[in-house]
Amino acid sequence: MKLNTKNFGEIDICEEKIISFPEGIPGFEYEKEFVIINNEDEQSPFHWLQSVNNPELAFVIIDPFVIFSDYTIDLPKTVQDKLNIKDEKDVAVYSIVVVPKDVKKMTANLLGPIIINVKERLGKQVILDDTRYTTKHYIFPQGEENRGE
Amino acid sequence: MLILTRKKGESIILNGYIEVKIMEIEDGKVSIGIEAPRDVDIFRKELYDSIQEENVKAAKQEIDINEVNQLLKESK
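In order, the protein sequence lines correspond to chains A and B. Residue numbering for the first sequence follows this note's numbering, beginning at 4 and increasing consecutively. Residue numbering for the second sequence follows this note's numbering, beginning at 16 and increasing consecutively.
Keep in mind that a hint or two might mislead.
Stated by the list, open to error - DSS-like, lysine-lysine: derived pairs with alpha carbons at most 27 Å apart:
id, chain 1, residue 1, chain 2, residue 2
1, B, LYS75, B, LYS88
2, B, LYS88, A, LYS107
3, A, LYS80, B, LYS75
4, B, LYS88, A, LYS104
5, A, LYS107, A, LYS35
6, A, LYS108, A, LYS35
7, B, LYS72, A, LYS20
8, A, LYS9, B, LYS72
9, B, LYS60, A, LYS9
10, B, LYS75, A, LYS9
11, B, LYS88, A, LYS139
12, B, LYS44, A, LYS108
13, A, LYS139, B, LYS72
14, B, LYS75, A, LYS139
15, A, LYS85, B, LYS88
16, A, LYS35, A, LYS139
17, A, LYS104, B, LYS36
18, B, LYS75, A, LYS20
19, A, LYS139, A, LYS108
20, A, LYS5, A, LYS35
21, A, LYS92, A, LYS9
22, A, LYS139, B, LYS60
23, B, LYS75, A, LYS107
The set of hints was computed from the structure by calculation and includes no laboratory data.
With the rest of the complex left out, here is chain B:
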């Protein structure tokens, strides 16, 4: 991992068109401003991870859909 040291108000540029700026540093928290084209998806990593984790779980399972259908009919 590349590690750079930045002060408040300083930025880094990714690929020439994405700017990541340190806005505020306070009590162990950092506010980050990101300037990127609209088609760049930006997420808090834990959110992305939760979606990823759920997808991996969903891909692993073996399901008998008939059983599920039956349950669904019974629950209505």
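In isolation and in its complexed conformation, chain A is listed as follows:
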């Protein structure tokens, strides 16, 4: 099917790629269907979560484990039930990225990961009950301005 996207204009997607978010996501509760558009650069951890029904709505997402190697998620049983998760292998995890004017200060939301049951094509933004994480974790090391120069 044809899909209008925020970043790539009209693209062709396979209908099987559509992921259902029965509850939408906070702030966009009425958006119930998304697709993941993978980065052409296979080395890149950045991808897009594009709304199916609203071309203007797309989030930049990352595979959090690439950047935050010690990131762990304890997925509540209620979430596992809601997403019909039977096997850990079926689970994909993404974090939504926010990019301020200074790109180096971009952050990932580790408190509210996007959890997807790839097999069932069911997704949800899960709000973790975990004080280790917040909605803003720097993706790039912060610190001295001239680091690496």
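On the provided structure of chain A, position chain B as indicated by the hints.
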């Protein structure tokens, strides 16, 4: 907004199956017990708001992913 007055130990019922009970009232703080089916998400509002706010911010931005990729490669 509907406003109801409740005393300690009293409850309200939402939709016939969600019970919200006043457990304790002390020093301007109220402890609330909630009995709801497991598929009902319950959050402190400020937590939900913070996620919502972050999502709205993320949806508004225009990003050049190539630039970001380049930065990421340089930082490794």
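Verification of the supplied hints:
With a C-alpha separation of about 25 Å, the suggested pairing of LYS75 of chain B with LYS88 of chain B holds against the 27 Å cut-off. At most 27 Å may separate the alpha-carbon atoms for a hinted pair to count; LYS88 of chain B and LYS107 of chain A meet this at roughly 12 Å. For the given pair, LYS80 of chain A sits about 33 Å from LYS75 of chain B by alpha-carbon distance, which is inconsistent with the 27 Å threshold. The suggested pairing of LYS88 of chain B with LYS104 of chain A holds, with an alpha-carbon distance near 19 Å, which does not exceed 27 Å.
Proposed proximity of LYS107 of chain A and LYS35 of chain A is contradicted: the alpha carbons are some 32 Å apart, above 27 Å. Distance check on the hinted pair: LYS108 of chain A and LYS35 of chain A sit about 30 Å apart at the alpha-carbon level, beyond 27 Å; violated. A threshold of 27 Å between alpha carbons decides the hint, and for LYS72 of chain B with LYS20 of chain A the separation of about 26 Å falls inside it, so the pair holds. Annotation: proposed proximity of LYS9 of chain A to LYS72 of chain B holds, straight-line Cα distance about 15 Å (limit 27 Å).
Distance restraint check for LYS60 of chain B and LYS9 of chain A: the Cα-Cα separation of roughly 30 Å exceeds the 27 Å cut-off, and the hinted pair is therefore not satisfied. With a C-alpha separation of about 11 Å, the suggested pair LYS75 of chain B and LYS9 of chain A falls inside the 27 Å cut-off, and the hint holds. Under the criterion of a C-alpha separation no larger than 27 Å, the hint pairing LYS88 of chain B with LYS139 of chain A is consistent with the structure, at around 21 Å. With a CA separation close to 37 Å, the supplied pair LYS44 of chain B and LYS108 of chain A exceeds the 27 Å bound.
The suggested pairing of LYS139 of chain A with LYS72 of chain B holds, with an alpha-carbon distance near 12 Å, which does not exceed 27 Å. Proximity of LYS75 of chain B to LYS139 of chain A is assessed by CA-CA distance (about 16 Å); at most 27 Å being required, the pair is judged to hold. A threshold of 27 Å between alpha carbons decides the hint, and for LYS85 of chain A with LYS88 of chain B the separation of about 37 Å lies outside it, so the pair is violated. Between LYS35 of chain A and LYS139 of chain A, the direct Cα distance comes to roughly 25 Å. Compliance with the 27 Å bound is thereby established for this hinted pair.
Annotation: proposed proximity of LYS104 of chain A to LYS36 of chain B is violated, straight-line Cα distance about 46 Å (limit 27 Å). For the suggested pair LYS75 of chain B and LYS20 of chain A, the alpha carbons sit about 24 Å apart, so the restraint of at most 27 Å is met. Note on LYS139 of chain A and LYS108 of chain A: the hinted pairing holds, with a Cα-Cα distance of about 10 Å set against a maximum of 27 Å. At most 27 Å may separate the alpha-carbon atoms for a hinted pair to count; LYS5 of chain A and LYS35 of chain A meet this at roughly 18 Å.
As the CA atoms of LYS92 of chain A and LYS9 of chain A are separated by approximately 30 Å, the hinted pair breaks the 27 Å bound. In summary, the hint linking LYS139 of chain A to LYS60 of chain B is supported, as the alpha carbons are separated by about 18 Å, within the 27 Å threshold. A C-alpha spacing of about 18 Å is found between LYS75 of chain B and LYS107 of chain A, which places the hinted pair at or below 27 Å, so the restraint holds.
Checked against the numbered hints given earlier, this structure breaks hints 3, 5, 6, 9, 12, 15, 17 and 21; the rest are met.
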